[in-house]
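The numbering used here numbers the first residue of the sequence shown as 12 and each following residue consecutively.
Hints in this document: simulated from the structure, not taken from any laboratory.
The model shown is predicted, which means the values in this text are computed figures rather than measured ones.
Every residue, glycine too, gets a C-beta built ideally from N, C-alpha and C.
Check before you lean on any hint, since a few could be wrong.
[Said to hold, decoys possible] Derived lysine-lysine pairs resembling DSBU-like cross-links, with alpha carbons at most 30 Å apart:
1) Lys-506 / Lys-193
2) Lys-193 / Lys-347
3) Lys-642 / Lys-701
4) Lys-157 / Lys-193
5) Lys-343 / Lys-506
6) Lys-166 / Lys-107
7) Lys-506 / Lys-136
8) Lys-506 / Lys-412
9) Lys-724 / Lys-710
10) Lys-497 / Lys-786
11) Lys-157 / Lys-347
12) Lys-136 / Lys-343
13) Lys-506 / Lys-185
14) Lys-506 / Lys-723
15) Lys-166 / Lys-193
16) Lys-343 / Lys-354
17) Lys-136 / Lys-107
18) Lys-186 / Lys-157
19) Lys-724 / Lys-642
20) Lys-782 / Lys-723
21) Lys-710 / Lys-642
22) Lys-497 / Lys-556
23) Lys-343 / Lys-107
24) Lys-354 / Lys-166
25) Lys-723 / Lys-701
26) Lys-701 / Lys-105
27) Lys-718 / Lys-782
[Said to hold, decoys possible] Pairwise CB distance ranges (calculated):
28) Lys-157 / Ser-226: 58 to 66 Å
29) Asn-463 / Ser-163: 15 to 23 Å
30) Asp-401 / Pro-93: 18 to 26 Å
31) Tyr-106 / Trp-807: 33 to 41 Å
32) Lys-347 / Asp-594: 28 to 36 Å
33) Lys-157 / Lys-283: 51 to 59 Å
34) Lys-193 / Asn-32: 38 to 46 Å
35) Lys-347 / Lys-723: 27 to 35 Å
36) Leu-155 / Val-385: 43 to 51 Å
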Amino acid sequence: MSIVITSGHCFHCGLPNTEGNAFPTTIQSILHHMCCPGCQAVSQAIVENGLESYYEFRTEPAARGDAALDNTMSKLAVYDEPELQEEFVFEEGKYKSIQLTVEGITCAACGWLIEKQLAKLDGIKQVSVNVSSRRAMISWDESLLKLSGVLSRLKSVGYESLPFQPDRHEASYKKEQKAFIKKLGLAGIMTMQVMMLAMGQYFDVLGSLEDETVSFFNAVSLLLTTPVVLYSGSIFYVSAFKALMARTVNMDVPVTIAIVATYIAGIRVVNKNTGEVYFESICMFIFFLLIGRYLEHRARHKASLTSANMLKLIPVTAQKQTADGFVSVLAKQLVKDDIVLVKAGETVPVDGQITEGRSYFDESMLTGEFEPVVKTVGQRIYAGSLNQQDSIVMEVEASVKYAMMNQILRLQELAMANKPKVAAIADKLSRYFVVVVLVIAALTYSYWTMQNDPHAFWIAISILIATCPCALSLATPSALTCAMAKLNELGILLKRADALEQLTQTTDIVFDKTGTLTRGEFAIARTWINPISETHFDIQKDTVKPYVMALTNCIESRSEHPISKAFERYIHDNNDTEFSSNDFSISDYTVSIGEGVKTAVNQQHYLLGSQSMILSSLNAPLSREIGEAIKGANVLLSSGGVVLAAFWVTDTVHPDALDIVRQLSQHELTILSGDTQVNVNSIAIELGIKNAVGNSTPKDKLDYIGKLQADKKRVVMLGDGINDAPVLAAADVSIAVGNASDLAKNAADVILLNPKLQSVVDVLTMAKRTKRKIKQNIAWSLGYNISVLPFAVVGWLTPWQAALGMSLSSIIVVYNSTRLMR
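Using the sequences and the hints, build the whole thing.
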């Protein structure tokens, strides 16, 4: 609940206000009064940073501001307030992480510069900058570094940053877009005017131009060019200055040198009334380059829109249960265990579990599948999904900050931290390339000067412009961003960007069986109850089976393994309600991964699991009669060293499994399962998979993967259960499929949010396409720069032609990357 500050007290800290109306602050269009300059400064900083909602969500007054901070209080310090961090900052053990919107990012070198600068701060664990979406993921140690210190360092190198919020991020984009349009418009208008004056001199349209007329034209051209250089071209100087301050170079360094040198040379010509001016070349160069940057800006924004817009699907308000019934509250205020009503046609505001009702939900924003999914009591629903039929009541599992949708976007940003090797090579190559260009330009200028060529200066300028490696720096990040955006649309979450590169080297694909190749919707085909169970449970004969089924269902209800659902389904389908969970008290519940469960029910110890686990626990070998009776059963129940019941639990092949196996036939395919060898062989024969390994414990699976890797194989592992987590972590690339357990998702590199196996083919295909696009981009970038260099060196390329070629090169690279989104 938010607090209420009474009149006569400081609105910020709640202490008595003895200063009256001396320190006012307007918050959400209402004038409030503070008790001192410190509180006023803090409250104004909150308002100016667009964080007025802090006053709605806080549960206690803030600490009193320092009264001496009237003119010195830093606006950034407001972000150290725990109440503000609650909305944006994630806890990760002793570290905290945040996603920031960073303004001023223009190219890959900006991302590199930010990462290098922040890495110098004590307490920084990880910095990942996504140039395409203008966002940064930062993890830091709160005991060594404050968030304000991170923001301050970013500001010191010229980048404004704020916690990422979709609306503010969109506003930031629009602000940058307006600035681009203004600079581009000014450059375009002035370029036309300067070109008209230049054309008059080139073609002497007025007849024989007198020297005074030429000087006048040059002076007017200088006047028109100056705002283009100082305003429109400022984006390049700022970027170059940031790089030089960080003791490095980027592609804007040669651009800046070319513009400034040409402009200064033109001023000298105007003052001395001798020589040639290239004001039209300067204007055209800046104009063409801005067109390229603007189109890159739009393309990068389009690629990041898919992810950013997902958050807009989460509603602002929710119907929360209170003593007065269901009342409307902000969705951000919901916490674990709150009860929320979601009516038909409304969007689910937060992740939770249905406690009442049954309805159809559109989860296409997560899975990419538009077919509604039916959900009922006990099943999980996700923020952003649309309730299509009936009202339901749900229990909140976590705050909006930890909603699946938020976590997906956060993981995608983290994925960009793991850049493929080809990306690292391209980034490094582009920086070295700039140095080489500067050296070649200097040597070329020296040579032509010694040859007494009057165009030596302009030849050097053309080299600087033509060979700027903007396209090379865009080659990889633009392709990765577009690929991840497309995968997101298909319901595929990538946790490591370098996984795309590794997927292209795959030799072996290993499938878990249950829930991966099969539907995971188990049914009990056959049941055997030991005749001594009647005596063991001390119940009447006709109630033994219902009791055993209810007992087994109660034990399995705490398991995440898909087999557990078979017992629940059996109770439901047979309307067997004679016994319920209230008849059983469970304690000492222990799961043996890949084996089964050990527990105590009504103070009696039971084992429920695989034959191998149960048989190894028996006091004596099974009699031949019982051995024959339970042959082929894959789930056994025992107590006191005696087998009480056996169950034959079967599964069905996933509908699209056969088609997927055919599409993946170029790889070596294997089924690796903990199920019996008979069942695994049956599925393998049905799907046409040659390698089938059953009866595998988690350790057996690890050993199998390790053996393949020892033979230099590149292994992709697909799984969905708790027992798959270790082997998923060990594989070269791991994929969690369908409704995988949280542990499996945590271990996997790729998460399929929809149940269709076609996504496996989609992600492998996208990996190949992305690698191909990156290679094409790099080949084009290097090919263009290398091929155009000789023309520039011999003086066949004018500055404006060089500018046009460089801009087109960057546009081609970005356009080629956006084709991945089709």
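Which of the listed hints are not met by the structure?
1, 2, 4, 19, 22, 24, 26, 29, 30, 31 and 35
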